[in-house]
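A.B. asks: Read off the chains here:
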Amino acid sequence: MTHVLAAGTNTDVVARETLFWILAILAVSAALAMILVRRAVHCAMMLAVVMLCLATMYAMQGAPFLAFVQIIVYTGAVLMLFLFVLMLIGISSSDSVVETIKGQRLAAGVAAIGFFVILILGIGHAAIGPAARPTAEFGPTNLTGLSTLIFTTYVFPFEVTGALLITAALGAMVLAHRERTAPKPTQRELAARRLSSGQLAPDPSPGVYALHDAADRPALLPDGSTSDASVSPTLSQREVGEELQFVRPEETVAISAESGERVPAPAVPAPPSEGADS
Amino acid sequence: MSPVHYVALSVILFVIGAVGVLVRRNAIVIFMCIELMLNACNLAFVAFASMHGNLDGQVIAFFVMVVAAAEVVVGLAILMAIFRARRSASVDDANLLKY
Chain P
1 MTHVLAAGTN
11 TDVVARETLF
21 WILAILAVSA
31 ALAMILVRRA
41 VHCAMMLAVV
51 MLCLATMYAM
61 QGAPFLAFVQ
71 IIVYTGAVLM
81 LFLFVLMLIG
91 ISSSDSVVET
101 IKGQRLAAGV
111 AAIGFFVILI
121 LGIGHAAIGP
131 AARPTAEFGP
141 TNLTGLSTLI
151 FTTYVFPFEV
161 TGALLITAAL
171 GAMVLAHRER
181 TAPKPTQREL
191 AARRLSSGQL
201 APDPSPGVYA
211 LHDAADRPAL
221 LPDGSTSDAS
231 VSPTLSQREV
241 GEELQFVRPE
251 ETVAISAESG
261 ERVPAPAVPA
271 PPSEGADS
Chain Y
1 MSPVHYVALS
11 VILFVIGAVG
21 VLVRRNAIVI
31 FMCIELMLNA
41 CNLAFVAFAS
51 MHGNLDGQVI
61 AFFVMVVAAA
71 EVVVGLAILM
81 AIFRARRSAS
91 VDDANLLKY
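Line by line, the protein sequences give chains P and Y. Straight run, no breaks: the first sequence in our numbering ends on number 278. Straight run, no breaks: the second sequence in our numbering ends on number 99.
The reader is advised that the hints may include incorrect statements.
[What the hints assert, rightly or not] Taking lysine to any residue and the SDA-like style, the derived pairs with C-alpha atoms no more than 20 Å apart in a straight line are:
hint : chain 1 : residue 1 : chain 2 : residue 2
1    : P       : Lys102    : Y       : Ser90
2    : Y       : Lys98     : Y       : Arg86
3    : P       : Lys102    : Y       : Val91
4    : P       : Lys102    : Y       : Asp92
5    : P       : Lys102    : Y       : Val21
6    : P       : Lys102    : Y       : Asp93
7    : P       : Lys184    : P       : Ser197
8    : P       : Lys102    : Y       : Arg25
9    : Y       : Lys98     : P       : Thr100
10   : P       : Lys102    : Y       : Leu22
11   : P       : Lys102    : Y       : Asn95
12   : P       : Lys184    : P       : Arg194
13   : Y       : Lys98     : Y       : Ala81
14   : P       : Lys102    : P       : Ala112
It is worth saying that the hints were derived from the structure and are not from the lab.
Okay, chain Y solo, but in the shape it has when bound:
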């Protein structure tokens, strides 16, 4: 398969993840959709690495994975703190900063 197929697939997955972030209300589901978008980016990076024939793309994908892991840890901790304060995981209920 040529890399363009993989990049097209990664575009589709990225757009689906973006729709999920826009549409869903549960904060955990939104986080999962963000993970989907990051995974789609990784797929494109790996495809470009195989297109260019060097490993730089794979190294970048590795760094993306590490950053995503850190992001998940902090994000879920924030979610737990919000849930403890508001008893809800819905993004609509976190509205204390509203005017």
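Next comes chain P alone, as it looks inside the complex:
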């Protein structure tokens, strides 16, 4: 394994240049797509592409440990945390395109160009020399070299990092904890609430009487129309096609025969929910 990674320091120059340009174009276009796509999930996917490109670049520059940490910690843990919170908040949450502050995008673009020019000028003035001749520290002994540095020169920052991680874990627990403000409702109160709500039975489960019983297929009512209450609101926000596709074939015939007027199906098979209830 170390041999493969260390090969990054002595492979052909042309191959490395080609790889660099491919990865650079991929990373920049993915980063641009990140700020252009509207859905937060697509944004996360683009961020994953950027992170994987950067991980490959770390391996090319003689940092195999960082390349693996990038993939395992960043793409694996941090991005999964993002996706986890996205699922909690609502997968369909997309950005509004309304500009709340007038001319904000234009101002942001101008500021970005100015910032970019300043940084590029700074790089141009700085004396960034060619890469130093790669030693064994950038290949097989990268891990031992890093650990030596961390536990000698940087031992105090390392300890502080441990304190930071513990504090962050505690902070996350405190912030994510919900304090119960009202007392927990008893079973009697729950029953009274249900009686006063007007709907005694639970919501119909998705897919009842419909052609498929997937979670996003609404249940069919006796007149052939679909029931909105049977599907999660998050799923029902998505595009659904022709309504009739959820109907059984024989019902489709019955409905279309009545010129669009919906009639109860002639022979309804035994409801699938009966067996599930008992």
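With chain P fixed as given, assemble chain Y onto it according to the hints.
C.D. replies: Frame of chain P; chain Y shown alone:
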């Protein structure tokens, strides 16, 4: 490739991340753009490490990763708390402190 190419790429990624922070409204997307900026900094650190021929830059990049992980954990927890209170992840809706 010489380190200046990597540093230039890291500048481009950093600026793109900064634009994302300025322009986007969804708080989670803003967090992702901040992560992009941190990653760009890491790329510059690794490039400087290979330029100087010692591992200090890589150690700093490692610490940046750890701090970024801690920041993400706390930030997302704050986001969850805000979402629970306001039912929205948009930064425009968190305006209770406005005069």
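A.B. asks: Measure nothing beyond the straight line between the CA atoms of Lys102(P) and Val21(Y); if it is 20 Å or shorter, mark the hint as holding.
C.D. replies: Holds. Lys102(P) to Val21(Y) sits at ~17 Å (cutoff 20 Å).
A.B. asks: Verify the proposed pairing of Lys102(P) with Arg25(Y), using a straight-line Cα cut of 20 Å.
C.D. replies: holds, 14 Å
A.B. asks: Going straight from one Cα to the other, do Lys102(P) and Val91(Y) come out at no more than 20 Å?
C.D. replies: Within the cut-off at roughly 16 Å; holds.
A.B. asks: Given the hint that Lys184(P) pairs with Arg194(P), test it: the Cα-Cα distance must not exceed 20 Å.
C.D. replies: holds, 16 Å
A.B. asks: Just to be careful, I want the Cα atoms of Lys98(Y) and Arg86(Y) compared with a cutoff of 20 Å; is the pair within it?
C.D. replies: holds, 15 Å
A.B. asks: Is the straight-line distance between the alpha-carbon of Lys98(Y) and that of Ala81(Y) 20 Å or less?
C.D. replies: Judged against 20 Å, a Cα distance of about 19 Å means the pair holds.
A.B. asks: Under the criterion that the straight-line Cα-Cα distance not exceed 20 Å, is the pair Lys102(P), Ser90(Y) satisfied?
C.D. replies: OK: Lys102(P) and Ser90(Y) at ~17 Å, within 20 Å.
A.B. asks: So if I understand the rule, the pair passes when the alpha-carbon distance is 20 Å or less; does Lys184(P) with Ser197(P) pass?
C.D. replies: holds, 19 Å
A.B. asks: Lys102(P) and Asn95(Y) were given as a pair; does the straight-line alpha-carbon distance stay at or below 20 Å?
C.D. replies: holds, 18 Å
A.B. asks: Given the hint that Lys102(P) pairs with Leu22(Y), does the C-alpha gap stay at or below 20 Å?
C.D. replies: Roughly 13 Å separates the two Cα atoms, so the pair holds.
A.B. asks: Does Lys102(P) pair with Asp92(Y) here, judged by a C-alpha cut-off of 20 Å?
C.D. replies: Distance of about 14 Å is within 20 Å: holds.
A.B. asks: Holds or violated: Lys102(P) with Ala112(P), Cα cutoff 20 Å?
C.D. replies: holds, 17 Å
Of the numbered hints stated above, none is contradicted by the structure.
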